[in-house]
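Engineer: In case you want the letters, here they are:
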Amino acid sequence: MNLDFSQIVPYIPFMIEGIWVTLQFVIVSILVGFILGTVFALFKIGKIKPLKWVADAYTSIFRGTPLILQLMIIYFGLPQLFGYDISPFLSAVLAFGLNSAAYVSEIIRAGIEAVDIGQTEASMALGVSYRKRMIDIILPQALKNILPALMNEFITLTKESAIVSTIGYLDLMRRAQVVGADLFRNFEAYLFVGLLYYLMVMTLTIIGKRLERRLKRSD
Amino acid sequence: MIKIEYLAKSFDKNEVLQNINLDIKKGEVVSIIGPSGSGKSTLLRCVNLLEQPTEGKIFVNGDELTAPKANITKAREKIGMVFQHFHLFPHFTVLENITYAPIKVKQLSKQEAQAKGRELLERVGLADKENDYPNRLSGGQKQRVAIARALAMEPELMLFDEPTSALDPEMVKEVLDVMKDLAHSGMTMLVVTHEMGFAKEVADRVIFLDEGKLIETGDPKTFFERPETARAQDFLAKIL
Chain A
88 MNLDFSQIVP
98 YIPFMIEGIW
108 VTLQFVIVSI
118 LVGFILGTVF
128 ALFKIGKIKP
138 LKWVADAYTS
148 IFRGTPLILQ
158 LMIIYFGLPQ
168 LFGYDISPFL
178 SAVLAFGLNS
188 AAYVSEIIRA
198 GIEAVDIGQT
208 EASMALGVSY
218 RKRMIDIILP
228 QALKNILPAL
238 MNEFITLTKE
248 SAIVSTIGYL
258 DLMRRAQVVG
268 ADLFRNFEAY
278 LFVGLLYYLM
288 VMTLTIIGKR
298 LERRLKRSD
Chain B
-12 MIKIEYLAKS
-2 FDKNEVLQNI
8 NLDIKKGEVV
18 SIIGPSGSGK
28 STLLRCVNLL
38 EQPTEGKIFV
48 NGDELTAPKA
58 NITKAREKIG
68 MVFQHFHLFP
78 HFTVLENITY
88 APIKVKQLSK
98 QEAQAKGREL
108 LERVGLADKE
118 NDYPNRLSGG
128 QKQRVAIARA
138 LAMEPELMLF
148 DEPTSALDPE
158 MVKEVLDVMK
168 DLAHSGMTML
178 VVTHEMGFAK
188 EVADRVIFLD
198 EGKLIETGDP
208 KTFFERPETA
218 RAQDFLAKIL
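So the sequence lines, in the order shown, correspond to chains A and B. Going by our numbering, the first residue of the first sequence is number 88, and it counts up by one from there. Going by our numbering, the first residue of the second sequence is number -12, and it counts up by one from there.
FYI, nobody ran anything at the bench for these hints, they're computed from the structure. The model shown is predicted, which means the values in this text are computed figures rather than measured ones. Glycine residues also receive a C-beta, built at the ideal position from the N, C-alpha and C atoms. Do not take every clue at face value.
[Unchecked claim] In silico DMTMM-like links for lysine to aspartate or glutamate, alpha-carbon gap of 20 angstroms or less:
no.	chain 1	residue 1	chain 2	residue 2
1	A	Lys134	B	Asp(-1)
2	B	Lys13	B	Asp50
3	B	Lys91	A	Glu208
4	A	Lys303	B	Glu117
5	B	Lys93	A	Glu208
6	A	Lys219	B	Glu83
7	A	Lys139	A	Glu200
8	B	Lys97	A	Asp223
9	B	Lys91	A	Asp223
10	A	Lys303	B	Asp119
[Unchecked claim] Chain A regions said to be covered by chain B (calculated; three or more residues, Cβ under 8 angstroms):
no.	region
11	200 to 210
12	225 to 232
13	245 to 253
Given only the sequences and the hints, what does the whole structure look like? Please build it.
Structural biologist: Here it is, written out as structure tokens:
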């Protein structure tokens, strides 16, 4: 069998560096997706009809088209419209953050709706304002229920981040391609970054489990 | 203290309350009774606007709650409410449940709120439970915490929505005892209940609702011994 892992050894630091590059925009994208998703979730359950329409349309569009297409439109399409040369990093954060927000808003909406209406009524009866009610009473309970679904979304985002290699962003995936092309050996490089992706996802999984356990202490 | 004028409430086409007029004085304990589906809970929930009345006006201390510009959130601070299913905050400890609103709404310092909270826990007989989470408590204990939570806001009026209906029989008394205590301390109370004993013994006045209408009102002794209307007689014959 033609397999020689010693060949990729000189490239290992180069590939490991890709972890940080990937993590950088994945973390920012998760944050963007989470914050925007929360806002859209509140729009969806709110009483203001136009905001609800906006949030529903948003989800429909970003969930209804391929992520890679959204990335292409942002990176290659926007400069044509605005003459602004958008960086790969910003394109990636926008595409992944906006896309993730659509999914996260649905997860959070379901989570909020699953919290007993009595919690809302009890806090209303105590004179608690909408803002404080959401932040202190409803969202913490919603988050506890949806944590597994949210972790799923974050894991998906971490893995799908490999799509940015298509716009030449030097992430983990792209680095494997570069090494493969350099050596004319692809298997070893891809297998190696596959392991790195797996380790990243495992780390996320462990963080999620820990968080879940901490939130469950009141059960 | 509370004045309700021509109150009506419909859900879609379903008229739950019709033409309710009611005047409740400071310190008065009023029991609302009636068959299920008669609109008792809806009436109670209108008083702090958890239900928005379809028609009519509600005044608390002379301020109209139903006015378009009324600050309802502010008004609710003065109206405590206890629910059938407690609705304690499950992610807070017992003490945190009690101190949350005083700290976040009334801007009390944490120390002050905790001191007051411990006092209230003492009063409802749960001083040793302050660090427990609600799921560790029995139903009766939960309801007593819920009463303490409402009292922590120093309300002028307390609403009780079937506070003992979800409890095991042996826990009803401990909750009723706390409520009796409260009644004797001069709290204005509006109590929707199936506990005729409580209505008889503690209430200053009984209100009988049926099919969304106020059928009869009077002092408990007269109401239970010589109800005037046929519907009240019928209702009492079934339950007593």
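Engineer: Evaluate each hint against the coordinates.
Structural biologist: Consistency of the hints with the structure:
{"no.": "1", "hint": "Lys134/A <-> Asp(-1)/B", "verdict": "holds (18 angstroms)"}
{"no.": "2", "hint": "Lys13/B <-> Asp50/B", "verdict": "holds (15 angstroms)"}
{"no.": "3", "hint": "Lys91/B <-> Glu208/A", "verdict": "holds (16 angstroms)"}
{"no.": "4", "hint": "Lys303/A <-> Glu117/B", "verdict": "holds (19 angstroms)"}
{"no.": "5", "hint": "Lys93/B <-> Glu208/A", "verdict": "holds (18 angstroms)"}
{"no.": "6", "hint": "Lys219/A <-> Glu83/B", "verdict": "holds (15 angstroms)"}
{"no.": "7", "hint": "Lys139/A <-> Glu200/A", "verdict": "holds (15 angstroms)"}
{"no.": "8", "hint": "Lys97/B <-> Asp223/A", "verdict": "holds (16 angstroms)"}
{"no.": "9", "hint": "Lys91/B <-> Asp223/A", "verdict": "holds (10 angstroms)"}
{"no.": "10", "hint": "Lys303/A <-> Asp119/B", "verdict": "holds (14 angstroms)"}
{"no.": "11", "hint": "200 to 210", "verdict": "holds (count 6)"}
{"no.": "12", "hint": "225 to 232", "verdict": "holds (count 3)"}
{"no.": "13", "hint": "245 to 253", "verdict": "violated (count 0)"}
Consistency with the previously given hints fails for number 13 only.
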